[in-house]
Amino acid sequence: MLKARREQSILPNYIILTILALASLLPILTLFMNSFKTTVELGSNPLGIPQIWHFENYAEAWEVGRYGTILRNSLIITGGTIIGTLTLAGLGAYALARLKLRGADLLAFYFLVGTGVPAQLYIVPLFIMWRDLNLLNTHLGLIIIYCGLSSPFATYLLRAYLISLPEEFVEAARIDGASNWQVLRHIILPLSWPGFVTAALVVGLSSWNEFLFAVTFLNTADLKPISTGLYAFQTRYSRDWGLTNAGAVIMILPIIVLFLALQRRFIEGLTQGGLKA
Amino acid sequence: MTDYTRATPMSQPVPLGQWMMLHIIRPLGRWAFVLPLLIVNAVVIIIPSVSGILYAFTDWNGIGDANWVGLANFQKLFQDPIFFQAFTNNVIYTSLFLIIPIFMGLLGAYLLAGITHGQVIFRLIYFIPYMFSSVINTQIWRYLLHPRYGIGAELAKYGITFLDFPIFGRRDTALYGIVFVDGWHWWGFLVVLYLAAMTQVDKELYEVARLDGATRFQQFRFVTLPSIRPTLIFTMLIIFIGTTLVFDHVYILTGGGPAHASEVMATYLYTQAFQNFDVGYAASIGVMLALWVSVPLSIFYILRRRGWEI
Numbered sequence: 027m028l029k030a031r032r033e034q035s036i037l038p039n040y041i042i043l044t045i046l047a048l049a050s051l052l053p054i055l056t057l058f059m060n061s062f063k064t065t066v067e068l069g070s071n072p073l074g075i076p077q078i079w080h081f082e083n084y085a086e087a088w089e090v091g092r093y094g095t096i097l098r099n100s101l102i103i104t105g106g107t108i109i110g111t112l113t114l115a116g117l118g119a120y121a122l123a124r125l126k127l128r129g130a131d132l133l134a135f136y137f138l139v140g141t142g143v144p145a146q147l148y149i150v151p152l153f154i155m156w157r158d159l160n161l162l163n164t165h166l167g168l169i170i171i172y173c174g175l176s177s178p179f180a181t182y183l184l185r186a187y188l189i190s191l192p193e194e195f196v197e198a199a200r201i202d203g204a205s206n207w208q209v210l211r212h213i214i215l216p217l218s219w220p221g222f223v224t225a226a227l228v229v230g231l232s233s234w235n236e237f238l239f240a241v242t243f244l245n246t247a248d249l250k251p252i253s254t255g256l257y258a259f260q261t262r263y264s265r266d267w268g269l270t271n272a273g274a275v276i277m278i279l280p281i282i283v284l285f286l287a288l289q290r291r292f293i294e295g296l297t298q299g300g301l302k303a
Numbered sequence: 017m018t019d020y021t022r023a024t025p026m027s028q029p030v031p032l033g034q035w036m037m038l039h040i041i042r043p044l045g046r047w048a049f050v051l052p053l054l055i056v057n058a059v060v061i062i063i064p065s066v067s068g069i070l071y072a073f074t075d076w077n078g079i080g081d082a083n084w085v086g087l088a089n090f091q092k093l094f095q096d097p098i099f100f101q102a103f104t105n106n107v108i109y110t111s112l113f114l115i116i117p118i119f120m121g122l123l124g125a126y127l128l129a130g131i132t133h134g135q136v137i138f139r140l141i142y143f144i145p146y147m148f149s150s151v152i153n154t155q156i157w158r159y160l161l162h163p164r165y166g167i168g169a170e171l172a173k174y175g176i177t178f179l180d181f182p183i184f185g186r187r188d189t190a191l192y193g194i195v196f197v198d199g200w201h202w203w204g205f206l207v208v209l210y211l212a213a214m215t216q217v218d219k220e221l222y223e224v225a226r227l228d229g230a231t232r233f234q235q236f237r238f239v240t241l242p243s244i245r246p247t248l249i250f251t252m253l254i255i256f257i258g259t260t261l262v263f264d265h266v267y268i269l270t271g272g273g274p275a276h277a278s279e280v281m282a283t284y285l286y287t288q289a290f291q292n293f294d295v296g297y298a299a300s301i302g303v304m305l306a307l308w309v310s311v312p313l314s315i316f317y318i319l320r321r322r323g324w325e326i
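Residue numbers (this note's numbering), protein chains in the order written: chain Y, 27 to 303; chain B, 17 to 326.
Simulated from the structure, these hints should not be mistaken for laboratory data.
Where is the CB? At the ideal position from N, CA and C, for every residue including glycine.
A portion of the hints provided could be inaccurate.
[To be verified] Taking CB as the label site, the calculated pair distances span:
| no. | chain 1 | residue 1 | chain 2 | residue 2 | range |
| --- | --- | --- | --- | --- | --- |
| 1 | B | W324 | Y | S35 | 34 to 40 Å |
| 2 | B | G271 | Y | E82 | 29 to 35 Å |
| 3 | Y | I75 | B | G229 | 48 to 54 Å |
| 4 | Y | L215 | B | P97 | 53 to 59 Å |
Construct the complete structure from the given sequences, taking the supplied hints into account.
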C-alpha cells in the first residue's frame with residue numbers, strides 16, 4: 027500500500043497527454059479528410075470521414091492553384107537559400123571555430139545584434155533598396171534576403187559542431203602542409219556533414235514556410251513560392267474548401283515526411299534555432 | 017616552406033615582407049572566410065536598419081525627395097488612436113501567450129517527464145503543428161471556426177450555441193481567435209524545450225521531496241520549476257519578442273480588422289508603408305517596435321552579464 031502510494035499512478039498522465047495529443051492531431055486530421063470532400067459533402071458532413079474519397083480534388087487543386095509553378099518556385103528559393111546559407115555559414119563557422127581570428131568576440135556581438143533587430147525596422151528600407159537594385163520580383167532577391175536572415179543562426183550551429191571535432195586530424199593535415207582551404211575541404215567538411223544536414227533542415231523549413239518577405243518582395247503570380255501562392259489560392263477560392271485543403275496538404279506533406287524520417291535532427295536544430303533567434 | 021609563425025627576436029630587424037605576412041596577409045586571409053557572411057548580413061539587415069532609423073525622422077513617401085521633419089512622426093504616433101489600439105492589442109497578445117502556451121507547455125512537459133513509454137511519440141505529435149506555416153494554421157482553423165461548417169456549427173446542432181458565429185469577423189473576438197490559432201501551432205515547441213530542461217533535473221531531488229510527503233504539485237512547484245528557471249525565462253523572452261512582432265496570422269486571418277479591432281503594430285506598419293506609402297511614418301513605427309523589443313532583451317543580457325542565473 028505504502029509502496030503503491032510512493033510510486034504514484036501515471037494513468038492521469040496518459041489521460042491528459044492523450045487529450046493534448048488529440049488537440050494537436052484532430053485539426054490536422056480534419057484538414058486531411060476534408061481535402062477529399064466535395065463542397066456538397068462538406069455541407070452535409072463537415073467534420074467526419076469522407077463518404078467518397080475524391081482524389082480528383084488534388085488534380086484540380088494542382089491545376090487551379092498552379093502548383094506546378096509554385097512548387098518549382100519554392101524549390102528554387104528553398105534550394106538556393108540552403109546552398110547560399112550553408113556556404114556563407116560554413117566558411118564563417120570554420121574561421122570562427124578553427125582559425126584564431128582576432129576580433130571574434132566583436133563578430134559574435136555583431137551577429138547577436140544582427141539577429142535581434144526586428145524585420146519591421148528594416149523591411150521597408152530593404153524593399154526600397156531592392157527596388158533600386160532591380161531585385162524586386164526576382165528569386166535571387168528573395169534568396170539573398172533569406173541567406174542574410176538565416177546565416178547567423180546557421181553559423182552559430184555549425185560553429186558548435188566544428189568546435190567539437192577532434193583537433194588531431196587538423197593538426198595532422200597541417201603538418202602535411204595543407205592550406206586553410208584544403209583543411210576545410212578535405213578534413214572539416216567530410217567530418218561535419220551531420221551539422222550541415224541539421225542546418226539545412228532548419229534553413230530549408232523556414233524558407234519553405236516564410237510569409238512576410240515572400241508576400242512583400244514577390245508580387246508576380248508566376249514567381250510566388252508555395253506559402254504566398256497558397257495564400258492567393260485561399261483568397262480567390264475561399265469557398266472551395268476541398269480544393270484549398272488539398273492545396274494545404276500538398277504544402278505540408280513533404281515537411282511531415284521529412285520530419286518523420288529525420289525527427290531527431292529536426293527537433294535538435296529547431297530548438298537551438300528557437301533559443302538563439 | 018618558411019615558418020613565419022616562429023617569433024623573430026626583437027633585436028633583429030624584421031624583413032618587411034615577413035612582417036606583412038605575419039600581421040596583415042595572414043589575418044586578412046582568415047577574415048576572408050567571414051567576409052561573405054558579413055557582407056550579406058550588412059546588406060540585408062544592418063544597412064537597411066540604419067536607413068530605417070533615419071527615415072523615421074523624414075516625411076519620405078518612397079519616391080522623390082525626403083524632408084527632415086525631426087520628431088514629427090513620433091508626435092503623430094503618440095496621438096494616433098489606431099497605433100494606440102495596435103499597441104494595446106500587442107500587449108494583450110503577449111500577455112495571453114505568456115500565460116496559456118506556457119501553462120500548456122509546462123503541463124505537457126511535466127506529464128511527459130513522468131512517463132517512459134510513449135514519451136517520444138507524444139513529443140513528436142506535439143511538435144508537428146510547430147512546423148506548419150502560418151498559411152496552413154489559418155487554413156485549418158478558418159474552417160474549424162467557420163460558423164457554418166466548423167466546431168461551432170456542430171455544437172449548435174446539439175443546442176450549444178456559444179461558438180457558431182464568425183469569430184474573426186467580430187470586433188470583440190477577432191484578436192482572441194488569432195491568438196488561439198497562433199497558440200495552437202506554437203505551444204508544442206515549449207513542451208520540447210521544457211522537457212529537455214526537466215530531464216536535466218537531478219532525480220534525487222524528487223526522491224527527497226517524495227520522502228518528505230510532497231504532493232505532485234508541490235514537487236512541481238518546489239523542485240521542477242526552480243530547476244528549469246533559466247529555460248522558463250528564456251522562453252518568456254522569445255514569446256515577448258515573437259508576439260510583439262507578430263504579423264502573419266493577423267494579416268492572413270483578419271488583416272487587422274474589423275475596423276482595426278485586431279490591428280497589431282506590425283500590420284499597421286505594413287499598411288502605412290505599402291498602402292499609404294508613408295515610409296517615414298512606417299519607419300517611426302518600426303523604431304518604436306525595435307525599442308519595445310529591446311527593453312526585455314537588454315534587461316536579460318545585463319542580468320546575465322552580472323552573473324544572474326536566468
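message = Please list, smallest to largest, the hint numbers that this structure does not respect.
response = Violated hints: none at all, because every hint is consistent with the structure.
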